[in-house]
Amino acid sequence: MVDILDIVFKRFSLQRHVSSNINVSALENGVLVVGDENINRSLLFLAAVTAASELGIKVLFFTQSQFQSLPVNFQGSASSGLKPEYLKKIRFVYPKTLDDLLEDVASLHELVAEAAALPSLVIVDSLERYVCGPAAQNRPQQETQSAAAHVVALLHDTAAFLTQNLENEAQCRVIVSIQPEWKGQGPGLQVDGNSTAEEQLRWHVVLQPNGALEFCPVSPEPGEIPQGQNPVEVNNEHVPLAITDS
Amino acid sequence: MASFLPAVAEQLLKDVQKTYSEKSQIPDDLLIALRFVFGSCTLQALDLVDQRSVTCVSSSSGRKVFQVLGGSGRLYTCYTSCHYCPCPAFSFSVLRRNESLVCKHILAAYLCQVMGLCQQEQVSDQHMTLILSGRAQPDP
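Going down the list, the sequences are from chains V and E. For reference, each letter of the first sequence is one residue, going 37 to 282 in the numbering used here. For reference, each letter of the second sequence is one residue, going 9 to 148 in the numbering used here.
Honestly, the hints are just simulated from the structure, not real lab data. Just so it is clear, CB atoms sit at the ideal spot from N, CA and C, and this is done for glycine as well. Misleading hints may appear alongside valid ones.
[Claimed, not checked] The calculated label-pair distances, taken between Cβ atoms and stated as ranges, are:
(1) V/Glu-73 - E/Gln-130: 38 to 44 Å
(2) V/Val-129 - E/Leu-125: 36 to 42 Å
(3) V/Val-129 - E/Gln-130: 25 to 31 Å
(4) E/Leu-125 - V/Lys-46: 45 to 51 Å
(5) E/Arg-43 - V/Phe-128: 47 to 53 Å
Next up, chain V with everything else stripped away, as it sits in the complex (with noise of 0.2 Å):
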């Protein structure tokens, strides 16, 4: 799991419900999150929100949809340590369109020879708007397959590039999310349930009246997890998150 993440699920979980015996899979550099947009919205903000205050990095946040409001209450003792001055650390980027998503990543390169500060996490929220979206509706489910791969590869490429050029030995972390069956918007962007247990970890994220998320990870019984099926249920206020190491 992405060490970003790693953070904000321990310093934000439940005390009581954290398990020793629950082990966080070795670190990797990519994290699919799979679950309901808002949930996943707030998680991706809280994870760039705390790299850029507990790791001082740069963090690129990619999302169709610009933020009206903040979308993680920073109040609280957990939160204590994040402050909204951390948010100068983060570039959003609002592209409108699966070319345009394409067309910035596929820009970050030109970051070295513009003597910038590169990202060393890079976020893309809501993946399914970009494959999936109204432009999308008639595209055959293949293609929109491919289009998700060639985006995530073209993340995994920028990535593995900026990480030979960041300094300090420091590494490129990449986390997208999904909404999959998205509805009314095309076929959906179906997850494939290959990892096994392991290393697809659950979690229970609650979202709080007022706007706090709290997390509570869940040990997946034997056989839970369907192979080939979309793992995670979606209601009203007890949402659990698939996150998927690639």
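Since chain V is already given, all that's left is putting chain E on it; use the hints.
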């Protein structure tokens, strides 16, 4: 190319590299092994290698990408750190059906790398952006 291949495929490519550097050809036993490991795209990939169809395109930022000239005359952009190709065969056989490890274009890129047969081309950073996003092809 950073590899996502199974260990047996990686070792096979190393064997090809070593043998080709010594003998300037791939012996029959390695050809058979390539066919066994990579499947039906092997022969077409070797044709692409013979035709010197793979170009390693790089820009001043240091970013690199492979461009493979397909049989139809179209250029396919393949990344250096992971498996992706915009061709229909990759989409169908690799992504959708999970029947093949790679398509012929990616295999041709692997083979040209280990055999030292990649053509080289330098482009601007801006042109590299267009190539990576799938919007442009370098001048032939």
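Query raised in the report: Using the C-beta atoms of V/Val-129 and E/Gln-130, is the stated range 25 to 31 Å upheld?
Result: The hinted range 25 to 31 Å holds for V/Val-129 and E/Gln-130, with Cβ atoms some 28 Å apart.
Report task. Check the following: the C-beta atoms of V/Val-129 and E/Leu-125 are separated by a distance inside 36 to 42 Å. Result -> Holds, since V/Val-129 and E/Leu-125 (Cβ atoms, about 39 Å apart) stay within the stated range.
**Report entry** C-beta pair E/Arg-43, V/Phe-128: status relative to the range 47 to 53 Å that was hinted
**Finding:** holds, 50 Å
Query - E/Gln-130 and V/Glu-73 - C-beta distance against the hinted 38 to 44 Å - result: holds, 42 Å
Requested in this report: Starting from the range 45 to 51 Å, see whether the pair E/Leu-125 and V/Lys-46 falls in it by beta-carbon distance.
Outcome: At 50 Å between Cβs, range holds.
This entry satisfies every hint, going by the numbered hints stated previously.
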